[in-house]
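**Student:** Sequence:
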Amino acid sequence: MLIKNKKNSFVLVVLSFFFTTLLIQHIVPDRVYAQQFYKKKYIEEQLISVFGLGSRISKAGSEILLPYKQNGKLHLGLQDSISIAMERNLDIYLTQEVLAQADADLTMAWAAMLPYIGAEGTYTRLDEDLTFELGPLAVGPLSMGPISMIFMERDIYKAGIVLRQPVFAGGRLKAARRAAKNIRDARIHDQENVKNEIIYQVTRIYHTAQVARAFNKVAIEAVALLEKHERDVKIFVREGAIPQVDLLRTQTELANTRKELNGAENAFDLALSSLKNLMVIDLEEEIFLTEHLSHPPGQKKSLEALTLFAIKNRSELASLKLQAEAAKEGLKAARGEYLPSIAIEGRYEYVEGDVRDLDGDDHWTVGAGAEVPLWNWGKTRSKILKAKSKLNQAKMMHKKTEERISLEVRSAFLNIGKAEKNITAAEAALKTSKEAYRLETARYKAGAGTNTDVLDARTALSKTDANYAQALFEYNTALAALERATGMMGKSSLKKRGD
Numbered sequence: 000m001l002i003k004n005k006k007n008s009f010v011l012v013v014l015s016f017f018f019t020t021l022l023i024q025h026i027v028p029d030r031v032y033a034q035q036f037y038k039k040k041y042i043e044e045q046l047i048s049v050f051g052l053g054s055r056i057s058k059a060g061s062e063i064l065l066p067y068k069q070n071g072k073l074h075l076g077l078q079d080s081i082s083i084a085m086e087r088n089l090d091i092y093l094t095q096e097v098l099a100q101a102d103a104d105l106t107m108a109w110a111a112m113l114p115y116i117g118a119e120g121t122y123t124r125l126d127e128d129l130t131f132e133l134g135p136l137a138v139g140p141l142s143m144g145p146i147s148m149i150f151m152e153r154d155i156y157k158a159g160i161v162l163r164q165p166v167f168a169g170g171r172l173k174a175a176r177r178a179a180k181n182i183r184d185a186r187i188h189d190q191e192n193v194k195n196e197i198i199y200q201v202t203r204i205y206h207t208a209q210v211a212r213a214f215n216k217v218a219i220e221a222v223a224l225l226e227k228h229e230r231d232v233k234i235f236v237r238e239g240a241i242p243q244v245d246l247l248r249t250q251t252e253l254a255n256t257r258k259e260l261n262g263a264e265n266a267f268d269l270a271l272s273s274l275k276n277l278m279v280i281d282l283e284e285e286i287f288l289t290e291h292l293s294h295p296p297g298q299k300k301s302l303e304a305l306t307l308f309a310i311k312n313r314s315e316l317a318s319l320k321l322q323a324e325a326a327k328e329g330l331k332a333a334r335g336e337y338l339p340s341i342a343i344e345g346r347y348e349y350v351e352g353d354v355r356d357l358d359g360d361d362h363w364t365v366g367a368g369a370e371v372p373l374w375n376w377g378k379t380r381s382k383i384l385k386a387k388s389k390l391n392q393a394k395m396m397h398k399k400t401e402e403r404i405s406l407e408v409r410s411a412f413l414n415i416g417k418a419e420k421n422i423t424a425a426e427a428a429l430k431t432s433k434e435a436y437r438l439e440t441a442r443y444k445a446g447a448g449t450n451t452d453v454l455d456a457r458t459a460l461s462k463t464d465a466n467y468a469q470a471l472f473e474y475n476t477a478l479a480a481l482e483r484a485t486g487m488m489g490k491s492s493l494k495k496r497g498d
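Per numbering that gives the first Met the number 0, the very first residue in the sequence shown carries number 0; after that it's consecutive.
Mixed in with the good hints, there may be bad ones.
DMTMM-like cross-link-like pairs, simulated, lysine to aspartate or glutamate; straight-line CA separation at most 25 Å [to be verified]:
(1) K327 to E229
(2) K387 to E336
(3) K462 to E229
(4) K394 to E127
(5) K227 to E62
What the hints contain is simulated information worked out from the structure, not anything from laboratory work.
Just so we're clear, the structure is a prediction, and the values are computed from it rather than from any experiment.
Sequences are here, hints too, so could you generate the full structure?
**Tutor:** Here it is, written out as structure tokens:
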């Protein structure tokens with residue numbers, strides 16, 4: 000039913016414009032947009048929960064740590080540290096934002112293929128009415144004076160709804176959608192890669208803190224042994240059994256060992272600080288490591304099998320493969336710009352003061368249009384060259400990453416073998432050095448040995464103790480590096496699989 004009253008009809012069209020805009024933008028958001036909105040809302044809530052507003056660590060965020068609190072300290076195993084880092088590390092939230100952006104790009108690519116519905120209105124004021132004048136007419140005995148007809152009024156009103164649908168765009172729209180989907184999927188793999196990297200870094204730093212604690216323990220024991228030996232030397236000096244120079248040398252060695260202890264304590268504190276930084280924990284928070292360096296069983300796969308497994312499972316390669324596919328689609332889209340674009344358009348609008356309707360009424364129009372590119376000074380050709388270069392770059396990056404991963408697997412595999420041999424040698428050396436120190440101490444007390452022999456035996460004991468801890472550290476970090484290199488970090492451990 001058409002509304003003939005021009006004022007009411009104009010108001011109706013304006014209201015239609017308002018409510019259509021409201022409907023499209025607020026009432027019926029598409030599914031992907033809604034997912035992005037609530038995902039972003041969730042991320043914001045989590046960030047506020049973990050980090051708070053106006054403070055580095057909020058009370059709500061600290062509640063995540065409460066289950067690990069004992070006697071004012073955080074008692075953390077390796078898996079506990081990983082769990083906390085996965086909840087609080089900002090890199091996780093950064094990847095979620097990147098993924099949300101990729102989702103938005105995919106939504107925009109989809110939207111470009113769908114009908115565009117919009118509302119538009121214009122008002123034009125001319126300097127005067129446009130008229131058409133006819134001079135005097137005479138037909139036989141009848142005559143007519145000059146005639147003036149208005150075909151466009153001074154004030155022109157237009158308002159209506161437009162629908163525009165692309166029909167053909169040379170394959171550009173479909174290619175852009177497929178490229179956006181590939182990029183979105185690549186970002187999912189990038190997110191997985193970031194998670195794996197966080198797990199690896201937490202594992203490596205946790206083991207670093209373990210070996211730093213072991214070195215600190217070795218330094219503490221060395222100081223305790225020298226303090227005990229110093230007391231024995233003082234007794235012999237008072238009795239005149241040995242010269243004063245032996246006491247001076249012992250005290251010098253004790254001072255040097257205390258200096259080493261200070262360095263070991265500082266290294267341990269720095270390692271714990273690095274671990275707290277990865278977990279986004281206040282650096283003043285006290286941490287107690289519940290696990291010690293151990294010698295878990297290794298894996299039994301061959302180097303070749305591990306390399307093939309890594310090439311198949313690494314998330315970086317999956318991401319780069321998808322990026323190459325996206326580059327292919329980008330090349331298709333660039334080539335599609337040589338082809339014509341076809342679209343259909345329909346309008347339903349109110350017109351007043353125009354040649355179509357001076358008094359104002361509703362009208363509709365339907366049409367189709369085509370655009371054929373003829374010459375744009377090499378712009379399309381340059382886009383194609385750029386798209387080809389991006390595709391070649393993606394392929395080279397994939398190949399380069401494959402080679403890097405193969406090297407990472409080989410390096411970790413060889414380091415495990417070296418560390419296992421070092422552990423065996425260090426265990427044997429530790430047993431002999433402990434026995435040698437016991438014998439030299441006994442000989443010295445019996446008057447058969449020298450102070451130099453005792454000090455040398457103590458130095459050898461501390462060195463072999465540290466070497467054993469270092470071998471365990473290298474073995475555990477090499478296992479973690481192999482898990483990372485093969486794409487198994489965060490999944491079933493290779494140490495447990497052994498197949």
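**Student:** Decide if the proposed pair is consistent with the structure: K394 and E127, CA atoms, cutoff 25 Å inclusive.
**Tutor:** violated (66 Å)
**Student:** Straight-line Cα separation of K227 and E62 no greater than 25 Å?
**Tutor:** violated (46 Å)
**Student:** Does E229 lie within 25 Å of K462 when you go C-alpha to C-alpha?
**Tutor:** The given pair, whose Cα atoms are some 20 Å apart, holds under the 25 Å limit.
**Student:** Holds or violated: K327 with E229, Cα cutoff 25 Å?
**Tutor:** This hinted pair is violated, its Cα atoms lying about 76 Å apart.
**Student:** Are the Cα atoms of K387 and E336 separated by 25 Å or less?
**Tutor:** At roughly 15 Å apart (the allowed maximum being 25 Å), E336 and K387 satisfy the hint.
Going down the numbered hints, you'll see the structure goes against 1, 4, 5, while the others check out.
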